[in-house]
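If you read the sequences in order, they're chains A and B. Residues 1 to 333, numbered by our numbering, are exactly what the first sequence covers, in order. Residues 1 to 122, numbered by our numbering, are exactly what the second sequence covers, in order.
If you're looking for bench data, these hints aren't it; they were derived computationally from the structure. Every residue gets a Cβ at the ideal spot worked out from N, C-alpha and C, and that includes glycine. Treat each hint with caution, since some may be false.
[As the list claims (entries may be wrong)] Now the in silico label distances, taken between C-beta atoms and shown as ranges:
1. B:Val79 x A:Ala297: 52 to 60 Å
2. B:Phe94 x A:Val64: 55 to 63 Å
3. A:Glu108 x B:Gly54: 57 to 65 Å
4. A:Pro276 x B:Val58: 51 to 59 Å
5. B:Val73 x A:Phe274: 28 to 36 Å
6. A:Ala3 x B:Leu106: 40 to 48 Å
7. A:Pro268 x B:Lys42: 21 to 29 Å
8. A:Phe271 x B:Met6: 36 to 44 Å
[Claimed, not checked] Covered stretches of chain A, going by a simulated chain B footprint (3 or more residues, C-beta under 8 Å):
9. 48–62
10. 308–314
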Amino acid sequence: MGAYLEQSLGWQNGFIFVLSAVILLAIVLGFVTYSIYFQRKILGWMQLRIGPNRVGPFGLLQTVADVLKLLLKEDIIPKAADKPLFILAPVLAFMPAFAVLAVMPFTESLHFADLGVGLLYYIAISGITVLGVVTGGWASNNKWALIGAMRSAAQMISYEIPLVLSVVGVILMTGSLNLIDIVEKQKEMGMWFFIPQFLGFVIFIIAQLAELSRTPFDLTEAESELISGYHVEYSGFRWAFFMLAEYVYIFAMASLTTVLFLGGWLPPFEFLGFIPGIVWFAIKFCAIVFFIFWLQATFPRMRVDQLMQMGWKVLLPLALVNILITAVLKTVL
Amino acid sequence: MATVYMNNYLIVAIFLFLGILLPVGALTLARFLRPSNPTEEKRKTYESGVEPVGSSWVQFNVKYYIFALLFVVFDVETVFLYPWAVAYDSLGLFALVEMVIFIVLLVIGLIYAWKKKVLEWN
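Chain A on its own, in the form it takes in the complex:
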């Protein structure tokens, strides 16, 4: 990819850029299909159930069938809804989830845009998702949807602060926002950042769960009280795009955690270097995705007041302390 980036733009490398982006999109959609399948399987096994096993061998085609069903479902737009915004919201929710992947490096050679401001780009673009959620909730003109959207927005913006502050430690240690440089630095130090930046790592993991609205922070869905929150009026494929955005975000967040804290494509020991980097990346990535699903079977849902207090009174001060400790240690050592 690096070689193509250095050529001046022509039909050939322009075509390769588009093709590679389309291939990544296909991979991401494949990931979403099977992560939903594995989520249901894992949850099933953890609760001594079997999980989906009817459609196709071992139930492997279950999600495919679900998607086809959603495609054929009638699309209902409530009469009271604000139609243009109602149609815009799923697009607004999905677009940033995929666009953040433009800066994600998977190995040294397999990466897309090699931006100097990579991490900043990721954080800036991922902020747009909140807009999609609020737009969807507001445009529905439904009381449940409005409460759900407001809660979602409050949760997302409250946890975005610790999330973006927790990575400042990593930036301090690297001196760059480029995601490839961050991994190279970990190679140079011979240590993945989750060891020297342990506090930052813990804050990042907690805040990312809240950003993704996964258990124990899945208050935005809260089936039992909010009848699934901001997308209650959505049906068929429009609803599918909200769900899709959620799972594409899991892909993006797991990749980002791997790159920032778990050494990206680096092997854990030097002598294991013969195994290609993409395999290491995939192993770490899958471990994080499994961890996210695992929590769903383990934790109860938090209360909304506990959630907000934890974000502002615990994680935010801790993130600031982490920055100061890192900066002081860097000057002293």
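Dock chain B against chain A, hints included.
Same frame as chain A, now just chain B:
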């Protein structure tokens, strides 16, 4: 150098474009496949089977607005922290002291909000 720069942002543009194209394309395709039979009852706002009363476009709890304000304050702080962190190596002790003062000022703001019970959620 300029080519690399241009090409990088071209890829970003391609990703943004694809991110919009997929939902638009899929929903357009679905339009030809799905049935469309809107009835008066179907298009009613869902409220657990009860007839909805009034609109939901109402004045909402001010609590959320205060959190949004706090968010803006700390998000702007982050905007300053990022370049500081990138350039920290070349700036040295002076930058550290400056940033400690900056963070302390904001922490005072946070403590004020805390004492004013803005961070409580009832």
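So, going through the hints one by one against the coordinates:
As the Cβ distance of Val79 of chain B to Ala297 of chain A is approximately 38 Å, the hint placing it in 52 to 60 Å is violated. Separation of Phe94 of chain B from Val64 of chain A is about 59 Å and conforms to the stated range, judged on CB atoms against 55 to 63 Å. Restraint check, Glu108 of chain A to Gly54 of chain B: a C-beta distance of roughly 59 Å satisfies the suggested window 57 to 65 Å. A hinted range of 51 to 59 Å for the beta carbons of Pro276 of chain A and Val58 of chain B is consistent with their spacing of about 57 Å.
Between Val73 of chain B and Phe274 of chain A the CB atoms are about 50 Å apart, so this pair departs from the stated range of 28 to 36 Å. Look at Ala3 of chain A against Leu106 of chain B: about 45 Å separates their beta carbons, and that is inside 40 to 48 Å. Distance hint for Pro268 of chain A and Lys42 of chain B: a CB-CB separation of about 56 Å, inconsistent with the stated range 21 to 29 Å. Between Phe271 of chain A and Met6 of chain B the beta carbon distance is about 41 Å. The supplied range of 36 to 44 Å therefore holds.
Residues of the stretch 48–62 of chain A with a Cβ under 8 Å from some Cβ of chain B number 0, which does not satisfy the need for three, so the listed coverage is violated. With 4 residues having a beta carbon nearer than 8 Å to a beta carbon of chain B, the stretch 308–314 of chain A meets the requirement of three or more and the stated coverage holds.
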